[in-house]
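Enquirer: Take a look at the letters that make up each chain.
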Amino acid sequence: MAKKLGKKARKFARKNLQSAAKRNRKIRNQFNNRRPRRGGSGAREDGDEDVPQRVDDATMATNDTADALIDGLEFPEDDIEIDADLSDSDGYLSEDPGCPYYSDSEDGDDVKGSIMQDGLDRQNDDMNLDVEKQKRKLKKLLDKDPEFANFLEKWQSELESYRSKEDSDEEDGMDSMDDDDDSNDANSPNTKILTTKTISEWCQLVSKDPKSPALRNLLNAFRDACRYGVHSDSPSMQRFQSTRLFYQIISFVLSESDNIFRALLEISDDANKGQIMNLRNSKKWQPVDPLLKSYLRNSLDLLSQLTDNRILSFVLTRLRASVVLFSAYPSTSSRLLKILFRLWASGDQSLSLSAFLMIREVAALLPDCLDLCLTKAYNTYLASTKLVNDRNTKHIDFLMNCLVELYSLDVQKSCERAVTSVGQLNAILRQASKTKEKEDLRKIDNWQYINCVNLWVRFLCCNYKDYNLNPLFSQVLQVIRGVAHLFPGTRYLPLRLKLVQMLNELSTCSQMFFPIPSLLFDCLEFREVSQKEQTQKTKVNFSSLLKVPKNLLKSRDFQEECVLSAIQVLSAHFAQWSYHVSFPEVATIPLILLKRLHEQTTIESLHRPVKRLIDQVNENKDFIERKREVVSFSPNDKASVDSFLQEEKSSGNASFTRFYASIVENRQPRGRKTL
Amino acid sequence: MGKRSGSKRKDKNKVILPPELPPEVDDDAVDVSDEDIEFYSRNEFHHFDQEPIDRYVKRTAGDEAEVERLYEEREKRKALRRPREENDDLEVDPVDALPIKNLQGELVYNRAKKARSEENTGSTKSQENGADAKQGINKDEQTGKSKNKKGGDKVKNTQSHIEVPKGKLHSDVLEEVKEELSAEELFEKKKAQLAELGMAMLEEPESNIRSLNDMLSISNDKDQKVVKLGLMSLLAVFKDIIPSYRIRQLTEKELAVEVSKEVKKTRYYEYTLIRCYKAYLQKLISLEKQPHFYSVAVRCMCALLDTAPHFNFRESLLASVAKNLSSSDDVVRKMCCETIRSIFINEGKHRGEATIEAVRLIADHVKLNDCQLHPDSIEVFLSLRFDEDLGEDETEEQKVKPKKNKHRQNREAPKPLPVSDKKKTRQELISKAREEVDADLRAVSFTLDPKERKGIQRETLSALFETYFRILKHSMSTSNLRSKANIVSPGASHPLLAPCLEGLGKFSHLIDLDFMGELIACLKKLSGYSDRQDGTPHDNTLSVSERMQCCIVAFKVWRSNLEALNVDLQDFFVQLYNLILEYRPDRDRGEVLADALKTLLWEGKQQDMLRAAAFIKRLATFALSFGSAEAIAALVTLKHLLQKNSKCRNMLENDSGGGSLSCLVAKYNPEAKDPYLSGGLASVLWELSLLEKHYDISVSSMASNILSMATLNPTQNPVPILNVNPLEAYRDLSIERELSKTASKALSLNLKKRRRGKEFVALNPEVLRKADCSVDKEELEEKLQSHFAVLRGISENERLRAQLNHTLSSINIYKEYKKQKKKNMKSKIIRKKVARV
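The listed protein sequences correspond, in order, to chains A and B. Quick note, the first sequence lines up with residues 1 to 675 if you use my numbering. Quick note, the second sequence lines up with residues 1 to 837 if you use my numbering.
These are computed hints drawn from the structure, not numbers from a lab. Be a bit skeptical, because a hint or two may be false.
Only part of the chain B face toward chain A is listed, based on derived beta-carbon distances under 8 Å [as the list claims (entries may be wrong)]:
(1) 259
(2) 263
(3) 581
(4) 653
(5) 705
(6) 707
(7) 810
Note that CB positions come from ideal geometry on N, CA and C, so glycine has one too.
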């Protein structure tokens with residue numbers, strides 16, 4: 001009977017606890033005033049710190065496979081389990097009893113004073129009162145009937161044993177982390193209350209001599225700080241009585257430990273993995289190993305606990321110095337990567353950047369992790385480019401650049417991946433061009449596909465000069481041409497403009513000639529504009545569009561944006577060949593169209609930019625014609641053709657070059673990414 | 001149906017001599033229906049109007065013997081019918097058979113008599129309710145009866161209906177059964193029945209021919225699914241049993257002659273077949289108007305026409321199929337096109353008669369719809385085949401005939417010729433038929449003698465060109481009308497023009513020389529239409545592709561007539577010269593452009609030097625602005641021009657002095673409209689130097705190949721690298737071709753292993769700098785502290801909650817404790833009591 005009741009009570013408690021936790025999370029999020037982030041919120045649950053994140057990752061993995069089924073774009077990702085060395089106990093370090101502990105009389109009420117008065121505290125106070133009341137009631141009962149005390153005791157012990165049994169049952173299936181913690185609890189780590197004075201003392205000791213035993217204490221304190229709040233009932237919670245203390249420990253350990261460990265291991269700043277591996281077998285390593293492990297693991301705990309972007313990027317910046325130390329613990333580093341990629345994909349700019357710098361550091365210093373990094377980065381990129389809107393274009397661009405950075409670290413290796421990925425793109429394209437079915441076309445007409453193409457274009461641009469990437473180059477080119485061919489028509493002009501931009505990039509890096517104007521004629525074609533006045537100004541931003549909505553097709557804004565974008569890409573094309581001997585011929589046909597457009601267009605705002613381009617092109621044309629009239633070489637004289645006007649080109653003073661620079665500048669404020 | 005006969009009558013009225021081309025068959029058909037007329041006139045049916053017309057037509061045919069024969073026949077039938085009616089009386093009590101189901105509410109007497117006619121017309125309101133239940137019984141009886149029937153007796157086929165009333169004897173029982181049968185069961189049953197009948201038919205068509213009637217009546221069912229099934233199974237049966245000859249109406253003489261049993265049987269078989277076939281066709285034609293049955297009906301008709309173009313009633317099938325050539329339903333249209341194509345291709349099946357009919361029908365159709373049809377309806381003409389020597393023979397014959405006459409025939413009155421020809425054919429056929437009564441022998445006539453064949457082909461050709469010319473004229477007149485009207489999307493206003501021009505190109509060698517001049521003038525006008533109006537090409541309603549096609553056709557016509565024609569084609573060059581600039585890759589068809597380059601420039605002999613130079617320069621410029629496929633087509637042409645016109649090779653060299661030839665127009669004007677005035681010869685082909693950097697390897701190598709010509713002397717040609725014409729070159733490089741090629745094998749990248757240093761390649765240094773600014777200390781402290789506070793708040797909250805719960809449950813436990821205590825007390829008391837006791 002009692003057992004049953006206990007079960008009920010437990011259920012009840014769990015329910016309440018959960019809802020409370022939920023509420024708390026909500027409050028916390030409001031408090032932190034930021035978007036909830038994937039996986040970031042779940043890490044605080046009682047007793048299952050790692051589980052929600054794991055689940056999250058699992059769902060992400062299934063999403064990935066689902067997407068892979070749809071798109072076939074992602075790289076297969078073998079989920080490396082990170083349990084491997086989580087089971088080795090590394091949490092608590094035995095302390096040297098000789099280290100001083102100071103009483104905390106001076107900052108006793110600091111606790112109450114410094115805590116901000118928020119909703120949670122008020123709730124806690126209420127609850128406190130409630131508890132008091134109920135306790136009094138119980139006391140009365142106990143007083144009334146002393147026999148009841150015995151009964152209650154018996155019941156409680158029964159409940160206790162039952163619960164522990166159940167817990168152990170449950171925990172079998174749970175994360176090993178819990179076992180770990182339990183065993184630590186069983187070890188009964190130091191529960192002495194910490195004070196600011198103690199910490200300051202330790203800090204001083206450690207700063208003076210890294211080998212000081214105080215380091216152990218400090219790291220233990222750091223451990224407890226990092227796990228603060230994970231187990232609400234763990235005794236280590238009690239060690240922190242002040243917020244200042246918490247800050248003190250964390251900031252000191254983070255900022256100093258890299259130096260300390262390097263001093264302990266006697267390694268230089270530019271140590272690489274090999275050195276660390278060698279060190280591992282040396283004598284020096286043995287005493288440091290548990291300390292280092294504890295530090296790294298707890299920093300990771302801290303990373304997965306924190307929610308504030310600024311602190312996160314601070315921690316990342318600090319931790320970046322010790323990346324090479326991770327190489328000793330492969331499973332820890334893979335866990336690190338998981339956290340890093342989550343942070344990298346998050347929208348915050350500085351956090352993303354610091355996460356990326358860390359990733360790059362990991363990829364560069366730990367060759368084992370490179371593969372994992374490439375795969376994860378690529379998949380994360382694809383997952384976060386599914387949706388593009390006005391707000392995240394910059395972020396996606398940033399992600400893309402990061403990815404190119406990462407892939408440029410080891411071109412040999414990443415080229416294999418690039419070939420696979422481009423092969424997938426090509427296969428999708430072929431399928432679509434064969435069937436021409438909506439289903440297949442939609443696989444191309446989406447951001448993931450286009451961003452993927454853009455990624456490889458960027459990759460090629462960065463590495464074309466240093467490596468022979470010709471086969472990949474032609475494949476990418478074929479994909480671009482194929483996509484442009486498959487989606488003709490006005491509706492797909494934004495997509496087309498993107499492709500043209502890519503071609504421009506490729507052309508610039510490879511110095512090959514691409515007949516870009518043929519893809520732009522649609523933009524320069526005069527079209528009728530609906531005469532009815534638009535009630536509100538609809539903003540057409542091509543950078544976040546692939547397909548123009550039907551209702552905008554005839555709108556003035558669309559036309560305007562069309563022509564302006566075309567002018568931009570066209571002038572990029574002209575600018576590239578503006579010193580070439582056949583520039584007049586390059587410009588001939590586009591000029592005819594531009595003139596026609598200038599005559600016909602009814603949109604006043606377009607007259608000026610179009611006229612300006614015409615004038616500039618004409619001027620440059622005359623300039624080249626004048627110059628080439630006086631030369632004596634023929635078109636088949638390659639060397640002379642190549643050297644024609646090279647001086648002028650390097651000085652970059654021609655009017656068209658300046659004109660192009662001004663166009664690029666003008667477009668920048670409009671939020672458009674320029675080449 | 002009514003329409004058809006109407007048009008037929010119109011034909012008759014026009015022409016004084018009325019005999020029809022395939023008169024026998026029609027006679028046969030009419031004969032049957034003529035007999036029906038009696039019933040028709042008595043009972044009002046909607047097909048009423050057709051029959052008198054047929055009869056009228058027949059009478060006017062003026063075959064008096066026929067009329068007499070008809071009367072005779074009617075007498076005979078009446079005689080035959082009498083015993084049958086008696087039979088009815090014997091078998092069925094009319095009162096029993098009286099009630100229900102007849103929608104007209106007529107008496108059963110009437111019904112019994114007219115049953116046959118109902119069936120014939122296929123408009124029978126069949127005995128829907130529980131029809132199959134009865135049918136099941138009927139069938140048994142039928143098979144029993146059929147064993148003792150008299151072979152070849154026409155009365156026989158009414159038996160099924162005689163039995164209908166008999167079935168009604170059990171009507172009470174059947175009604176109950178019927179109630180129980182759900183719709184699905186009915187459907188299943190009918191399906192099974194259809195299958196059974198069909199199988200029987202296929203096994204032994206001779207003896208089971210009457211089952212056709214049953215199948216027809218099933219396909220009159222209310223259930224649409226059943227109707228569809230019925231139609232399809234009838235189609236399958238007909239496809240199988242239709243003989244390879246046309247069933248001919250028996251002449252009076254033949255009827256008069258006593259024939260053997262065998263012959264009688266055959267005659268009866270043929271008669272039934274033709275009657276059912278007609279009923280089936282009428283049903284199809286009427287169902288075609290219902291949207292639900294549309295595609296099924298058309299499918300059936302197409303299949304029938306495909307398998308049996310030689311058989312009776314081909315005309316009505318053809319009419320329907322031709323009408324549906326421009327259907328808005330894609331599937332139906334495809335089907336019809338395929339059918340018509342197969343008729344054109346397999347002329348052996350029908351001796352070419354169906355071809356001419358189809359072509360004429362389409363021609364009429366185009367005329368009626370004012371050229372606003374789907375392009376497919378004209379595109380089928382491309383499958384037509386003509387003998388190569390046809391055109392020559394024609395011209396020979398032409399010499400005999402006065403030219404003016406021929407002209408008239410072709411342009412305005414293409415009809416008289418066919419009619420007179422029809423007559424000829426008919427006479428031949430009649431004479432043959434008189435000699436060979438046997439059907440087997442008739443098959444011999446299926447091979448046409450060359451003269452006849454030529455006649456038919458000539459007619460087809462004239463109808464074909466009539467259509468083509470009509471479309472051309474129409475395009476011209478409408479272009480005039482809406483020259484300044486709203487801008488229509490290109491190609492939409494003249495849907496038929498593109499296939500028409502294609503057809504003209506294909507059959508250009510067959511066009512009569514007399515029209516050549518006019519045709520060329522017409523094409524000239526069409527190709528350069530816009531320029532006459534004003535300078536802007538946007539007002540042109542013809543698309544660039546269409547205009548280029550006009551140029552192509554003009555050259556094809558000119559060339560296929562051995563260039564004998566003395567016409568000035570200069571204008572077409574000017575047009576092409578300007579059209580090159582108007583070309584847009586996705587809007588216009590690149591193949592047409594490549595074809596134009598091929599036809600006008602690549603295939604031609606030596607060109608005028610100025611013109612060649614102008615084209616060379618323009619093509620080079622063109623190659624700079626367009627995709628690789630277009631560029632290669634242009635370059636192939638350019639190279640060819642340079643090879644043919646060695647003097648133009650000057651353009652490859654930057655001769656600062658300027659050649660003596662360039663003095664005509666000193667400076668090159670890229671926007672000139674006239675190639676002669678562009679001054680192309682004065683220009684230098686600088687484009688090629690840039691084209692050498694083209695991303696496409698074939699384009700760049702072609703460019704360098706051309707450039708290498710500069711150093712060769714005029715008679716030498718560079719090593720040929722691409723021996724194809726512009727069209728092939730275009731196709732080879734088009735992106736579709738590239739994508740349809742199997743994916744190239746896995747790329748093997750040969751990279752020198754080189755690890756890059758730590759420098760950044762893609763990220764903006766500015767962005768990177770931002771990362772290094774460390775977080776402000778105070779801010780960090782504050783944030784960390786608040787983080788801590790929140791964490792503590794949460795844990796505190798959790799702790800308190802646990803405590804609270806614990807206390808509460810302890811209090812709750814008290815109740816439990818009380819209860820137990822009471823129990824203990826009781827038991828104690830009891831124990832005490834027990835102890836006391």
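Enquirer: Hint by hint, note whether the structure agrees.
Expert: The hints, checked one at a time:
no., hint, result
1, 259, "violated (62 Å)"
2, 263, "violated (59 Å)"
3, 581, "holds (6 Å)"
4, 653, "holds (5 Å)"
5, 705, "violated (11 Å)"
6, 707, "holds (4 Å)"
7, 810, "holds (5 Å)"
Hints 1, 2, 5, counting from the list given before, are not met by this structure.
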